[in-house]
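Using the sequences and the hints, build the whole thing.
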Amino acid sequence: MDKINRAAVAVAGVAALAAGLTACGGDSLEKSSGGDSSGKPGKGSLVIGSASFSESKILAELYAGVLKDAGYSTSIKTVDARELYEPALEKGQMDVVPEYAATLAEFLNQKKNGSNAAPVASADVTKTVAALKKLAEPRGLKVLEPGKAVDQNAFAVSADFAKKHGLKTLSDLGKSKQKITLAAGDECPKRPFCQPGLEKKYGIDIAGIDPLDIGSVQAKQAVKDGKDQMVLTTTTDSTLDQFGLVLLGDDKNLQNADNVLPVVNAKSAGSQKIADSLNKLTKVLTTADLRELNKKVDAERLKPGDVADDYLRAKGLVK
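Just so we're aligned: 29 in the working numbering is position 29 of the sequence shown, and the numbers increase by one with no gaps anywhere.
The hints are simulated quantities; they were obtained by calculation from the structure and are not laboratory data. Computed from a prediction, not measured in an experiment: that's the story for all the values here. Each residue gets a CB set at the ideal place from its N, CA and C atoms; glycine is no exception. Just so you know, not all the hints are guaranteed correct.
[To be verified] Simulated crosslink set (DSS-like; lysine-lysine; CA at most 27 angstroms straight-line):
hint, residue 1, residue 2
1, Lys190, Lys177
2, Lys127, Lys142
3, Lys148, Lys273
4, Lys163, Lys179
5, Lys68, Lys303
6, Lys252, Lys177
[Claimed, not checked] Label-pair ranges, simulated between beta-carbon atoms:
hint, residue 1, residue 2, range
7, Asn116, Leu302, 39 to 45 angstroms
8, Gly166, Gly114, 25 to 31 angstroms
9, Glu199, Glu300, 20 to 26 angstroms
10, Gln221, Gly270, 44 to 50 angstroms
11, Ala207, Thr169, 19 to 25 angstroms
12, Ala207, Ala314, 44 to 50 angstroms
What follows is the structure, encoded as structure tokens:
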């Protein structure tokens with residue numbers, strides 16, 4: 001996959017916000033929370049899958065909340081990686097999983113066509129979701145509507161640097177002709193969504209790469225201190241304010257459309273009632289909402305279930 005995996009986005013020194021997951025141990029689906037204490041599916045019972053990073057846990061709790069409100073009994077199973085939970089979803093061991101359109105499309109594309117398969121995802125969410133549906137349906141998966149919430153690669157600079165050079169977008173940075181040292185993973189020089197894309201699409205002068213973990217405390221601190229001028233992170237990074245950083249808009253759509261959407265097992269959870277319940281949330285949830293929810297869990301140490309419940313009630317999505 002050409003896309004940079006979003007891993008080790010450290011929040012308050014500990015949290016990882018990574019949508020493009022890689023397998024990292026464990027071969028069981030361990031139940032972590034939920035309303036069905038037996039863990040056994042029954043009539044009106046749904047198992048919601050979650051990856052092991054905070055944002056996925058929050059989304060799973062949000063899904064559980066709206067589905068409980070619709071009359072279903074729900075439980076949540078957390079696993080480390082897409083390589084584990086996606087097959088479980090196909091087999092019906094899970095019924096519903098929160099996903100990211102472009103990342104899942106490329107995961108299924110490579111699963112079907114090999115690691116060198118031509119990309120099917122793009123910055124166009126409609127085309128990306130159409131490609132995803134084409135890959136998912138033969139596997140017994142139903143892809144529901146994408147929302148406004150997007151978790152994708154993003155680039156941040158210090159607020160002082162942005163103000164000094166009049167920067168709001170990546171195009172502005174290219175036009176400024178500033179030489180940029182970019183805090184990013186060591187794969188950045190080879191990835192079209194990182195250095196090559198920034199140079200080709202935006203004309204940004206990348207003078208060097210500081211090979212720090214993507215969106216880590218160390219990477220953001222390096223930009224805050226002026227050692228580096230820009231950091232690769234994600235659009236839902238909840239700690240940019242703590243480091244005095246601001247995101248620059250991807251105004252020429254370098255990044256693929258990684259809109260949040262539910263994916264369900266078509267046989268066990270493909271009903272219109274389930275789709276309507278989940279779509280109700282999808283239509284409301286925004287990128288800014290997701291960033292704030294991440295902050296409550298990762299920085300304020302609140303429980304994902306409590307944060308999700310408060311959000312659903314505040315938005316009038318549950319009774």
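Status of each hint after checking the structure:
no. : hint                                  : in the structure
1   : Lys190 <-> Lys177                     : 22 angstroms, holds
2   : Lys127 <-> Lys142                     : 16 angstroms, holds
3   : Lys148 <-> Lys273                     : 21 angstroms, holds
4   : Lys163 <-> Lys179                     : 16 angstroms, holds
5   : Lys68 <-> Lys303                      : 18 angstroms, holds
6   : Lys252 <-> Lys177                     : 17 angstroms, holds
7   : Asn116 <-> Leu302: 39 to 45 angstroms : 43 angstroms, holds
8   : Gly166 <-> Gly114: 25 to 31 angstroms : 45 angstroms, violated
9   : Glu199 <-> Glu300: 20 to 26 angstroms : 38 angstroms, violated
10  : Gln221 <-> Gly270: 44 to 50 angstroms : 47 angstroms, holds
11  : Ala207 <-> Thr169: 19 to 25 angstroms : 20 angstroms, holds
12  : Ala207 <-> Ala314: 44 to 50 angstroms : 45 angstroms, holds
Hint compliance for this structure: hints 8 and 9 are not met, and every other hint is.
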